[in-house]
Each structure stands twice: as structure tokens, then as C-alpha cells.
Amino acid sequence: MKPNPPEVTVPVLTRRQFGLIVGGGALLLAAGGTYGVVSRSTTNSAELVATAFGSLSVVNAGRLARLDAQGRPATKSLAAAASRITGPGAVAPLSGASRPGPGGQGVSLALHTHDGGVLPDSGWPQPANFTWGDVVLLEVTLTNSRPEPVLFAPGQLRLKLVPSGITVTPQDFNRGPGVIAAGATERLWISYLAPHDALDMELEYSEPEQDGTTSLALPLLTASQVKS
Amino acid sequence: MSPLDLHINDGFLPMVDGSLVYHRGFGDRRTLVTDPRPSLAVSPRVFLRNGTVVASRTYPLKAAVPPLGRPAPAAKDPANPGEFLVRRAYWASFFPDRTLIAETGSTISIRVTNHLAQEHALQFLNAGPGNGHVGTGVIKPGQTKTLEFTAPKAGTYLYCDPGAVPADPTADPVQRVLGLFGALLVTDPASPWLPTPNGPEFERQWLWMLHNVDPVWAGIASRNGTVDPDKTPVFPRYFTLNGRSGFQSLAASMDEALNRVREEDTLMSGSARHIDVRNFSQAAAAGTLRTGQLMRFLNAGVVHHQLHFHGNHLWTVSRNGAPFPRTGGRVDADGHIVLQQWEDVIEMHPLDRKDSVLPVRRPPEATDQVWNARNEDWFYPMHCHAEPSQVARGGMYPGGLVGHWTVAAPGPENNPAPHELFRSQVDFSSQQMHEGSPATEFRQTPDVAHEFKFFNRQMKFDDGGEFEMWTFETENSGRIYPAPLVRVTEGQVFHGTIRPSKRVHTIHWHGIEPDPRNDGVGHTSFEVSGSYTYQWQPDRGQPGNPNVGAAGTYFYHCHVNTTLHVQMGMFGPLIIDPAVHPDFPVTKGARRAFVDGPEYDIGTETMLVPYSLDPRWHELNHAAGLSGDDAGLDRFEPKHFYLLGGELAPVPDKEGPLFLTRIRARMAGGTVKPTLLRLLNANYFPVNAYFTDAAGKRVAMAELIAHDGRPFRDTSSPSGPARPISATGPLRTSIINFGAAERYDMLLRPPAPGTYTLTVDLLDWITGKVILSRNIPVIAE
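Just so you know, the protein sequences line up as chains L and A, in that order. Sequential numbering from 1 applies to the first sequence in the working numbering. Sequential numbering from 1 applies to the second sequence in the working numbering.
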């Protein structure tokens with residue numbers, strides 16, 4: 001591991017030096033500039049999916065740039081990222097977004113070769129190590145309808161890229177593995193890295209004791225450019 | 001005396017990706033499957049000779065506890081500036097959960113209650129009379145049984161539920177994979193810093209349990225189903241070291257309590273010291289010692305692991321309870337060397353137990369200027385080179401079976417420095433530090449310098465297969481594969497400048513041990529997007545000295561998303577030649593393998609690189625898996641198998657893959673020296689290589705002289721010269737078994753002129769069955 005200076009007590013990414021590759025070349029912002037796009041659904045319209053213990057739904061969804069204009073992580077915590085979706089300074093939600101139909105744009109992650117692949121023309125900085133430059137952020141509600149507590153871990157929720165079917169491990173979450181009390185409803189923020197050209201995505205839920213998975217469609221999270 | 005109560009429980013444990021996976025285990029209290037913190041592993045307990053059982057994470061009980069696991073040194077070593085003397089018989093060692101410690105002469109008494117719905121058992125492997133197993137026998141659901149036996153001889157042992165065939169625990173690994181396993185360490189309380197009366201004496205010790213987790217097997221078991229390995233072959237998706245993977249294993253998570261435990265019981269560290277493998281009990285002053293730290297490895301999983309240590313080679317002293325000799329030695333029937341030796345890759349078959357000494361000494365290829373200027377901890381990775389074990393759920397390299405060790409910053413106050421922490425494995429995998437074109441510190445004028453430019457192209461192989469390959473080319477090499485041979489002489493300053501083209505890469509000089517900046521690993525230094533000149537200087541050998549000298553066989557490879565990039569072809573051979581010593585002149589047309597080693601024929605020196613290929617992987621992109629995507633990098637299914645390499649004297653005159661199609665073996669005699677064959681396993685799976693004659697009969701024509709860049713030597717004299725084993729009792733064999741990233745050097749000694757056959761079998765990393773096979777003629781002339 002790389003040692004840190006002793007005075008750094010919570011060294012969250014402070015020494016990161018991401019390279020920048022900016023699509024279009026004209027999108028550098030002043031210090032602190034961030035990019036993001038939000039597509040937000042509400043509890044009224046959220047799709048509810050039945051699980052063995054009750055139900056889950058996605059009540060907020062956003063898509064943010066992973067890096068700021070200087071190529072540093074755009075947010076230092078999940079809470080900070082969530083506030084960009086729901087807080088006073090949230091970027092505006094997009095309206096009228098709809099899911100692509102059959103034949104819509106998909107992802108071609110598995111077919112890029114070393115030099116054949118190109119960074120997507122993203123409109124926002126992309127990591128020079130060719131990891132994904134978008135963060136998909138979801139707020140999920142979980143309702144335990146059982147009369148006893150149930151175990152739950154955020155890693156049971158994976159982002160699924162359509163149509164490739166590739167699933168993605170959570171990048172961060174604000175609630176670790178534990179129990180959901182009987183009859184309780186809990187809210188969970190969870191984030192994933194996503195490729196910039198992935199539009200159609202689902203949330204895949206697997207129950208530790210069950211075989212198979214359940215998928216929940218996500219609202220369309222386009223990657224148009226918004227700066228704040 | 002009261003027995004130790006163990007409870008066979010089940011429950012769900014969080015994996016490195018935040019998911020829950022069903023486990024079973026031997027806990028120290030009863031818990032239910034719904035318990036969010038199930039008791040599936042007993043915290044360390046000590047069976048004392050006086051009949052009591054004590055809960056303690058450290059042993060010896062009254063010894064000083066090293067802060068954060070790191071022993072402070074006793075004093076500066078007056079004979080070795082920049083290095084320290086360690087305290088003799090002073091520091092306690094921390095042990096991980098699942099460890100039971102028994103003093104020799106004690107009685108191990110355990111009362112086991114099975115709280116599950118299936119029959120289970122507790123069995124200590126090889127801990128009974130005659131190396132047999134000792135266990136409870138079947139424990140029915142709800143039943144309690146007591147097992148009592150006398151502690152076996154000092155050493156490490158595995159305990160587990162042996163499954164359906166208790167006499168052969170390898171036959172049914174299901175319960176072990178589900179988590180019903182642990183380790184027993186037996187030690188003599190009169191000499192707790194000695195694993196055996198003959199040593200090696202150590203500063204402190206570390207116990208590493210390797211394990212694999214299969215969520216599909218776990219799911220079947222959680223539903224009270226029966227796992228049938230024939231119908232559902234095991235497919236591990238998580239690979240653990242003392243129960244943790246990836247950033248959690250490396251103490252780089254935001255969980256400070258977990259990080260502390262990892263530092264204490266899993267991640268080795270200490271001050272640099274001088275050691276002599278001939279005598280680990282060398283005392284420089286009262287209460288001090290020149291020795292290293294003892295590693296106790298146990299493989300409780302089903303995968304054939306290959307533990308590669310950066311920074312220092314390890315000195316291996318025993319396997320499966322059998323101490324290795326210092327003189328003579330032999331190759332056993334399976335093709336393994338039985339002799340104390342240096343290794344940078346520790347081969348661990350399922351259920352294997354090995355003891356090795358980590359020297360914690362100056363990395364020998366760091367230049368003097370860099371070494372003398374260091375003022376911070378130097379971290380070195382340990383990772384398994386069976387690379388599918390380096391990911392979690394198909395991606396997130398390095399998210400599998402990884403660890404590291406640390407050479408402490410100089411000085412008596414050497415508490416571990418804080419290091420970077422991460423919120424998740426995805427962050428750790430996707431945010432490796434990279435720099436454009438960092439400077440080479442204390443840059444010198446090189447004796448040998450090459451530029452390594454990345455390229456990719458479709459290459460056609462000798463079975464008609466055509467695949468996208470990524471590798472390096474140097475100035476005049478042409479676009480060959482493997483990447484061009486690098487050849488350096490001991491003592492020369494080497495510069496290797498990487499130019500990664502459009503992406504981010506590194507070069508790790510596998511087995512060469514420079515400072516971390518020149519070691520080419522992202523999470524201990526940086527990845528390179530522009531260019532960087534790696535600098536190192538191979539250690540000079542001295543005749544009869546087993547502690548110095550770098551002459552031997554190595555390789556170099558990219559260490560970015562290594563699981564993928566090495567399979568894509570980003571590696572090449574590296575040879576260090578000895579400088580000629582006046583006492584060991586060299587015959588014309590010959591060269592020595594190491595400073596006082598045997599001579600070999602330059603004209604027929606040959607490299608053999610077994611390499612297997614999974615076509616699916618060759619369609620993945622540069623950063624596959626690093627963002628958390630399941631890229632299937634834990635599923636390596638080789639469809640093609642090649643014997644790459646060739647004679648080293650001629651310069652390759654064509655591009656594309658270089659195949660070894662035949663070996664010319666000199667009939668040695670007079671001024672004609674034997675042929676040297678250098679083996680490098682570039683697979684992720686083990687191979688068997690064996691020689692046969694025209695009738696198919698095995699021929700012991702391989703004389704093994706070195707392993708992982710270090711000669712085999714007779715180290716039986718504590719202070720006298722350690723002569724090459726080739727001069728004292730040659731290690732002759734017809735077969736060698738070796739795993740990923742291991743190298744062997746052998747002189748070919750055909751009994752008579754004629755044509756022989758070298759067959760190389762690629763073995764499955766779990767079942768050990770032959771997957772693919774190749775053979776080539778060996779022409780003795």
C-alpha cells in the first residue's frame with residue numbers, strides 16, 4: 001500500500017491523481033465544477049417488486065459524472081452525491097425521458113479490444129485508466145412484510161446492463177449488511193460505476209436463500225451534459 | 001479439564017463485494033442462521049500443557065505483544081548499516097480466528113455440538129498416530145460428541161469436516177468449502193520461537209489460511225440441499241486469506257477495527273535485517289538475533305494456489321509436516337523438490353501445509369542510493385499467481401487472495417504509517433494511482449537499457465488458432481510473442497522504459513526485488529500512462545554464499561488488471577547471468593548458470609514457456625472487471641495449449657508467436673557442456689513436464705539446479721560454504737510439477753544419444769486432471 005502522510009486521518013481519495021481525457025475538448029470547468037444528470041422517479045410512480053421478505057422499489061435515481069473538471073472524484077461521499085440529486089442544489093431532473101425500445105442503444109463492453117476501444121464522447125472527464133466514468137446512484141426502499149427480521153446486504157443489489165446482461169457490483173452504499181426489522185421499511189442509497197454509453201439498465205436483486213434473481217427496470221438515465 | 005465447546009452453526013457472511021453468502025462453521029457459541037453476526041469461526045484458543053484452555057489471540061501468552069503486529073527491533077546491526085538486530089525470544093505472535101494452538105504434551109479436548117440439520121464431523125488431518133486423521137466421527141443433528149487426543153508433534157494441521165470419505169478428505173471438499181475448517185498449531189512451550197528443535201528460529205510467526213467460496217454451492221446448502229460436485233462442479237467466486245479478500249484483506253477498508261486485526265494477524269512487517277539461511281539462530285549480541293518471520297501456510301480451499309511474494313524470496317523449510325533437508329534432497333514421485341530452498345512463488349496444493357521464512361531484509365535489487373534514502377515504509381504485494389483467484393465475482397482486480405508485507409521505515413520508532421483507505425472494492429480496483437511520466441529516483445547511467453512499447457495484434461498460432469494478443473516490443477525485437485528476452489548480468493544497472501501507448505500499464509520484474517517504485521505494481525506505487533524508466537541492479541553472487549546472487553530465470557509482465565493482461569500476452573522472459581568469478585572460469589562456448597554453478601552449452605540453451613489460452617478472454621477490453629463488472633475473470637477455460645520459447649542463442653528472425661518445436665540436448669563430456677533448459681510456467685494452472693524414451697519409459701534426464709532464480713545449495717554447514725547441490729548430490733528426475741509463475745532451471749543429462757520426448761500436461765487447477773497436453777522431441781546428440 002502507498003503510505004500517506006501521518007496527518008491525513010481520513011485519507012479518502014485525497015491523493016488521487018486521475019488523468020483527464022475530455023471528449024470534445026471544450027468542457028473544462030473552473031475548480032469545483034461538476035457534471036451530472038438526474039432522472040428522478042418518485043415513490044408514487046416507483047415500480048414495486050415483490051421479494052421473499054416483502055418488496056423493494058427505486059424511489060430516486062441519478063446519473064453523475066465520477067470525476068470533476070480537474071479529474072478528481074466529483075464527490076467525496078455517497079451522501080454528498082445523493083444531495084446532488086435530492087438536496088437544494090440538485091441538478092434539474094430531466095423530463096420526458098423514456099426507456100429505449102428494442103434495438104435501442106446498448107453497450108458493447110465485452111467486444112472492445114485494447115486499441116480498438118475508444119473512450120466515449122462523454123462530454124465529461126473520463127478516467128484515463130479506462131474504468132467507467134459515470135456513477136449511477138439509486139435510492140431504494142426495502143419493506144420487510146414478515147413478522148421476523150430478515151438479513152439484507154447491499155451486495156444483493158447489482159446493476160444489470162442491458163442487453164449484455166453484465167452485472168455490476170455496488171461502488172458504495174450507506175447501509176452495510178444487517179437486518180431489516182419485522183414490518184419495517186428502510187431506505188438505502190447505493191451507487192454503481194457505469195459505462196457512459198450504457199442507457200438501458202436494471203437493478204438485479206438476489207436473495208441469499210433463493211435460487212435466481214429478480215430484476216427491476218430503472219428509469220432512463222441519459223448522459224446529457226449538465227454542469228453545476 | 002473442561003473441553004473446549006465448538007458449535008457447528010450456519011449463517012450468512014458478507015463478501016468483499018457486499019453480498020451475503022451462506023456459510024457453515026465451527027463457532028464458539030450457538031447462533032442461528034438468521035443471526036446477523038453468526039459464530040462460524042472460533043476465536044484463537046490455547047490448549048496449555050497444564051490442562052487448561054485459554055482464549056488468546058497471541059502466543060506465547062506472556063510474551064510482549066507487537067504494536068499493530070509489528071515487532072520493534074532491538075538495535076542497529078553494527079555489522080550491517082541500515083539494518084537492525086531483532087529481539088530474540090521476545091515477541092508474541094497474533095493468530096487469526098479459526099486457530100487452535102496446542103502445546104506439545106497437552107491434551108486437546110473438544111466438545112462439538114451439531115446444530116444443523118445434516119450430519120457433520122470434526123476431523124484433524126494427519127494429527128493422529130502414524131500421520132492418520134483423528135476426529136469425532138459422524139455427529140448427528142442435535143448431537144454432541146467429545147474428541148480428545150494428545151497434541152501431535154509440533155507443526156501446523158488442518159481441521160475440517162472431512163465430508164463423505166473421512167479417510168480421504170480430498171475426495172469430498174463440500175463441507176470444507178462451505179466453511180467447516182480451521183488450523184491447529186502445535187508448539188513446544190519450552191521453545192516457542194522454534195517450529196522444530198532444528199529451527200528455524202524466528203522473530204514472530206504468521207498463520208495464513210487460504211480458502212475459496214462458491215456461492216452456488218452455498219445456495220444449495222442454504223436450502224438444505226445436497227451438493228453433488230459431479231453435477232455441480234465447484235466454481236469459486238471469492239478467494240480469501242484468513243477470511244478476507246481484496247481491499248479488506250489489505251487493511252485498506254474504512255473499517256478501522258478490521259484493518260487493525262489484519263495488521264496484527266495477517267500483514268507481515270518488521271525492520272530490515274540481515275539474515276543467513278544457513279543459521280537462523282545467529283546471535284550478534286545478547287538477546288538479539290539475525291532472523292526473519294515464519295510463515296505458516298495452509299490451503300483449506302480447493303484451488304491450487306501459487307503465492308507470489310514481491311520484495312523478498314522466502315526460504316521454504318517444510319511441507320505437510322515433513323522438514324526439508326539441507327543437504328542431498330530429492331524429487332518426490334509427484335515432481336516436487338524436497339530440499340530447503342528459496343522461492344518467490346509458494347506452491348500450495350489443496351490441503352497443503354508449508355512453512356517458509358520471510359527474511360524481511362533489504363530487497364536485493366534496490367540500488368544503494370534508493371535504499372540509503374528511504375524514509376518511509378516499503379510495501380510489497382503478495383498475491384496468488386493462479387490469477388483467476390485475484391478477482392471477486394469475476395472482476396475487481398485485485399479483489400481476491402491478496403496480502404502484503406512491509407519493510408519498516410528505518411529507526412527504532414517504526415509504527416506502521418497510515419495508508420490510503422477505500423470505501424469499497426470497486427473504488428480500490430478502479431482508482432489505482434497512475435501517473436503520466438514520473439521520474440526515476442537516483443537515476444544512474446545504465447549498463448543495459450531497453451524500451452518496452454506496447455502493441456497489440458492478431459497472432460496466428462501453430463494449431464491454427466488466431467487471437468488478439470497484447471504484448472511488448474523493444475528496439476529491434478520485432479513483434480514477437482512472448483515479449484523479447486531481457487538479459488542482464490549481476491551487478492549491472494538495468495533500465496527498462498515502458499511506453500504503454502494509449503492505455504495504462506506497468507512492468508513488474510517478477511522475482512527481481514527492487515524498491516516499490518521500480519516494482520511495477522499500481523497499489524504499491526503507480527501505474528504509468530506516459531512513460532517510466534524502471535531501474536534496478538541485480539544482486540551479485542558470491543561462491544558458496546546462499547544469501548546473495550540473482551543469476552537465474554525470471555520474467556516480466558504487466559501488473560495492471562494482471563489477471564487479464566498476463567493472459568493477453570503481456571510478459572517476456574528475463575535472465576540474469578552471473579559475472580565471471582576468477583575462481584570459477586568459464587570454458588569457451590559455455591556459461592555458468594550462477595556464479596559457482598555448473599557450466600552449460602550456450603549454443604543449445606533453451607527456454608520452454610507453457611502457455612494456455614482461453615479465447616473468450618481475448619475479446620475483453622483493457623479494464624474489464626475493474627469497474628465492478630462481472631467480466632468472468634474467475635472462469636479460465638483454456639481451449640488451446642502451446643509450448644512457447646526456443647533456443648536463446650539465435651535472435652528470432654520472424655514475427656508472431658515463437659514455438660519450441662524440439663530441444664537439442666548435448667551429450668556432455670570433456671569440453672562439451674550440457675544443455676540448460678529454462679522452464680517458465682506462464683499458465684494460471686499447474687503443469688507436469690516429464691521425459692520419456694522411445695518406448696515411453698520415464699527417463700530421469702533432468703538435473704534440477706535452480707528454482708525461481710535461486711540455485712539449489714547444500715546449506716548444511718551453519719557457517720561453511722554452501723556448495724551447489726549439483727556438486728554435492730544432483731537432483732535428478734524424470735518429472736517436474738510446477739504451477740503458475742514458477743521457474744525451474746535444469747541441465748539435460750540424456751543417458752545416451754537418441755531421441756526422447758518431453759511431454760507437458762496442463763492440469764486443472766482444482767481437479768488436477770489433464771486438460772490439454774503437448775509433447776516435443778528431445779534430440780540427444
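The set of hints was computed from the structure by calculation and includes no laboratory data. Bear in mind the structure is a predicted one, so any value in this text is a computation, not a measurement. One should not assume that every hint holds.
[Claimed, not checked] Mimicking SDA-like on lysine to any residue, the simulated pairs with C-alpha atoms at most 20 angstroms apart in a straight line are: (1) 76/L x 140/A; (2) 231/A x 76/L; (3) 460/A x 781/A; (4) 62/A x 103/A; (5) 140/A x 30/A; (6) 769/A x 735/A; (7) 588/A x 659/A; (8) 153/A x 196/A; (9) 460/A x 735/A; (10) 140/A x 255/A; (11) 639/A x 667/A; (12) 502/A x 451/A; (13) 140/A x 115/A; (14) 76/L x 153/A; (15) 502/A x 71/L; (16) 460/A x 260/A; (17) 76/L x 103/A; (18) 460/A x 231/A; (19) 76/L x 475/A; (20) 76/L x 502/A; (21) 697/A x 589/A.
[As the list claims (entries may be wrong)] Partial list, computed: chain A residues near chain L (C-beta under 10 angstroms): (22) 31; (23) 216; (24) 394; (25) 533; (26) 754.
[As the list claims (entries may be wrong)] Chain L side only, calculated, beta carbon under 10 angstroms to chain A, not exhaustive: (27) 73; (28) 80; (29) 84; (30) 86; (31) 132; (32) 152; (33) 158; (34) 162; (35) 186; (36) 189; (37) 192; (38) 208; (39) 210; (40) 211.
Glycine residues also receive a C-beta, built at the ideal position from the N, C-alpha and C atoms.
Outcome of the hint check:
no., hint, verdict
1, 76/L x 140/A, "violated (52 angstroms)"
2, 231/A x 76/L, "violated (47 angstroms)"
3, 460/A x 781/A, "violated (32 angstroms)"
4, 62/A x 103/A, "holds (14 angstroms)"
5, 140/A x 30/A, "holds (16 angstroms)"
6, 769/A x 735/A, "holds (16 angstroms)"
7, 588/A x 659/A, "violated (28 angstroms)"
8, 153/A x 196/A, "holds (9 angstroms)"
9, 460/A x 735/A, "violated (30 angstroms)"
10, 140/A x 255/A, "violated (38 angstroms)"
11, 639/A x 667/A, "violated (37 angstroms)"
12, 502/A x 451/A, "holds (16 angstroms)"
13, 140/A x 115/A, "holds (9 angstroms)"
14, 76/L x 153/A, "violated (53 angstroms)"
15, 502/A x 71/L, "holds (18 angstroms)"
16, 460/A x 260/A, "violated (51 angstroms)"
17, 76/L x 103/A, "violated (50 angstroms)"
18, 460/A x 231/A, "violated (36 angstroms)"
19, 76/L x 475/A, "violated (44 angstroms)"
20, 76/L x 502/A, "violated (28 angstroms)"
21, 697/A x 589/A, "violated (32 angstroms)"
22, 31, "violated (12 angstroms)"
23, 216, "holds (9 angstroms)"
24, 394, "holds (9 angstroms)"
25, 533, "violated (19 angstroms)"
26, 754, "violated (46 angstroms)"
27, 73, "holds (8 angstroms)"
28, 80, "violated (12 angstroms)"
29, 84, "violated (17 angstroms)"
30, 86, "violated (20 angstroms)"
31, 132, "holds (4 angstroms)"
32, 152, "holds (8 angstroms)"
33, 158, "holds (8 angstroms)"
34, 162, "violated (13 angstroms)"
35, 186, "violated (14 angstroms)"
36, 189, "violated (12 angstroms)"
37, 192, "holds (7 angstroms)"
38, 208, "holds (5 angstroms)"
39, 210, "holds (8 angstroms)"
40, 211, "holds (6 angstroms)"
Checked against the numbered hints given earlier, the structure breaks hints 1, 2, 3, 7, 9, 10, 11, 14, 16, 17, 18, 19, 20, 21, 22, 25, 26, 28, 29, 30, 34, 35, 36 and satisfies all the rest.
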